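Each chain, written out:
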Amino acid sequence: MSIFRFFSKQTSAPTARERLQVLLAHERASVGHSDLVAKLREEILAVIAKHVQVDGDKVTVKMDRGETVSTLEVDIEIPLNAVRAA
Amino acid sequence: MAKVIVVTSGKGGVGKTTSTAALGAALAQRNEKTVVVDFDVGLRNLDLVMGAERRVVYDIVNVIQGDAKLPQALIRDKRLDTLFLLPASQTRDKDSLTPEGVEKVMTELKKHFDWIICDSPAGIERGATLAMRHADIAVIVTNPEVSSVRDSDRIIGLLDAKTERAERGERVEKHLLLTRYDQARAERGDMLKVDDVLEILSIPLVGIVPESTDVLKASNLGAPVTLADNRSAPALAYLDAARRIAGETVPMTIPGERRGLLGKLFGRRAA
Ligand SMILES: Nc1ncnc2c1ncn2[C@@H]1O[C@H](COP(=O)(O)OP(=O)(O)O)[C@@H](O)[C@H]1O
Ligand SMILES: [Mg+2]
Numbered sequence: 001m002s003i004f005r006f007f008s009k010q011t012s013a014p015t016a017r018e019r020l021q022v023l024l025a026h027e028r029a030s031v032g033h034s035d036l037v038a039k040l041r042e043e044i045l046a047v048i049a050k051h052v053q054v055d056g057d058k059v060t061v062k063m064d065r066g067e068t069v070s071t072l073e074v075d076i077e078i079p080l081n082a083v084r085a086a
Numbered sequence: 001m002a003k004v005i006v007v008t009s010g011k012g013g014v015g016k017t018t019s020t021a022a023l024g025a026a027l028a029q030r031n032e033k034t035v036v037v038d039f040d041v042g043l044r045n046l047d048l049v050m051g052a053e054r055r056v057v058y059d060i061v062n063v064i065q066g067d068a069k070l071p072q073a074l075i076r077d078k079r080l081d082t083l084f085l086l087p088a089s090q091t092r093d094k095d096s097l098t099p100e101g102v103e104k105v106m107t108e109l110k111k112h113f114d115w116i117i118c119d120s121p122a123g124i125e126r127g128a129t130l131a132m133r134h135a136d137i138a139v140i141v142t143n144p145e146v147s148s149v150r151d152s153d154r155i156i157g158l159l160d161a162k163t164e165r166a167e168r169g170e171r172v173e174k175h176l177l178l179t180r181y182d183q184a185r186a187e188r189g190d191m192l193k194v195d196d197v198l199e200i201l202s203i204p205l206v207g208i209v210p211e212s213t214d215v216l217k218a219s220n221l222g223a224p225v226t227l228a229d230n231r232s233a234p235a236l237a238y239l240d241a242a243r244r245i246a247g248e249t250v251p252m253t254i255p256g257e258r259r260g261l262l263g264k265l266f267g268r269r270a271a
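Chains as they are written, first to last, in this note's numbering: chain L, 1 to 86; chain B, 1 to 271.
Hints may be right or wrong, so weigh each one.
Stated by the list, open to error - DSS-like mimics (lysine-lysine), calculated; alpha carbons at most 27 Å apart, straight line:
hint	chain 1	residue 1	chain 2	residue 2
1	B	LYS11	B	LYS111
2	L	LYS62	B	LYS11
3	L	LYS62	B	LYS162
4	B	LYS104	B	LYS94
5	B	LYS111	B	LYS33
6	B	LYS69	L	LYS58
7	B	LYS193	B	LYS3
8	B	LYS110	B	LYS69
9	B	LYS69	B	LYS104
10	B	LYS110	L	LYS39
11	B	LYS174	L	LYS58
12	L	LYS62	B	LYS94
13	B	LYS104	L	LYS62
14	L	LYS50	B	LYS69
15	L	LYS39	L	LYS50
16	B	LYS69	B	LYS193
17	L	LYS58	B	LYS104
18	B	LYS111	L	LYS58
It should be emphasised that the hints constitute simulated quantities derived from the structure, not laboratory data. Keep in mind that this is a model prediction, so the values were computed, not measured.
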């Protein structure tokens, strides 16, 4: 745990301040129960589901809400026979 | 066999969330697959204490309502790959946590984990009773202070009445975790002593966690106190408590808040 000890030698309040600023910026910006990234996630999955039969177990969604940029990572396994008939 | 632990107290602000994160990390460090589950719907905080607040995608209510599968909602800890978090919902109301939904989630978690630790909300309402519902073991977090002890007594009563085990005529294994303990004040007679609390509540003691700024520091950093600095006094207390919960016999001590500089140096060298 040497890395944490390294951190603990410095003051921890600035870290707390920064974490809260990022978190609250996202929570305050959230409109109608979901923030933008969450909304994108839902719509992306809906679009894919229109064309492909998506198995819930084969979908991994990861988010990282950052200070200036957030990342949304949607990982979907699409078997060849899953494509829905047009 | 999966074991379900509820961390509960009745009273708010006594250290349930801190203890859930600390014990969760301590059990996961034993290489046993552990999930910490936040039952505080509407006021989640376990994600912050665990340092996972930026990564929450789905929560327990999404799983109950079928919007997400359980594996999608679980967040793996970045430091320990045996430790997972199931967050509470921040936006839904408390009623979205249903008994049937919680039962479904618990049944599935039991298939995948060795330890399931439920962080109870304060109070004795729905959230608190659902958090304890499936518990095999209860960790009753108590501060050496009159209202906390009274509320703990109330919670002990609920554990004997409202849990699945109680309804089957079995007992929930109960452990008292005394937190925010200030030995100097107890010795001066300004604070209830360990023995006072034990005598009143008459359940076995699993640990004494001293009042310590290391707890605040860990929460600032977003790390369970047992991971932030595993030689700090509260970390030592939680690590021992976790070993006792896992069935080991460990002599009871009150890890001191202040160690001299030499003690600190040697303590760290020896690690
Ligand atoms: N042993 C301790 N020493 C100092 N502060 C503590 C200790 N345990 C908890 N706290 C602080 O008390 C407050 C409430 O703790 P928390 O774990 O959120 O309680 P709960 O979940 O029971 O409401 C937090 O600010 C936390 O940092
Ligand atoms: Mg809490």
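Hint by hint, here is what the structure shows:
1. B:LYS11 <-> B:LYS111: Not OK: B:LYS11 and B:LYS111 at ~32 Å, beyond 27 Å, violated.
2. L:LYS62 <-> B:LYS11: Outside the cut-off at roughly 35 Å; violated.
3. L:LYS62 <-> B:LYS162: The given pair, whose Cα atoms are some 37 Å apart, is violated under the 27 Å limit.
4. B:LYS104 <-> B:LYS94: OK: B:LYS104 and B:LYS94 at ~17 Å, within 27 Å.
5. B:LYS111 <-> B:LYS33: Holds. B:LYS111 to B:LYS33 sits at ~11 Å (cutoff 27 Å).
6. B:LYS69 <-> L:LYS58: Holds: B:LYS69 and L:LYS58 sit about 10 Å apart, inside 27 Å.
7. B:LYS193 <-> B:LYS3: violated, 31 Å
8. B:LYS110 <-> B:LYS69: Distance ~15 Å between B:LYS110 and B:LYS69 Cα, so the pair holds.
9. B:LYS69 <-> B:LYS104: holds, 12 Å
10. B:LYS110 <-> L:LYS39: violated, 31 Å
11. B:LYS174 <-> L:LYS58: Status violated; Cα separation ~40 Å.
12. L:LYS62 <-> B:LYS94: holds, 26 Å
13. B:LYS104 <-> L:LYS62: holds, 24 Å
14. L:LYS50 <-> B:LYS69: holds, 19 Å
15. L:LYS39 <-> L:LYS50: Measuring from Cα to Cα gives roughly 17 Å; hence the hint holds.
16. B:LYS69 <-> B:LYS193: Violated, at about 47 Å.
17. L:LYS58 <-> B:LYS104: holds, 21 Å
18. B:LYS111 <-> L:LYS58: holds, 19 Å
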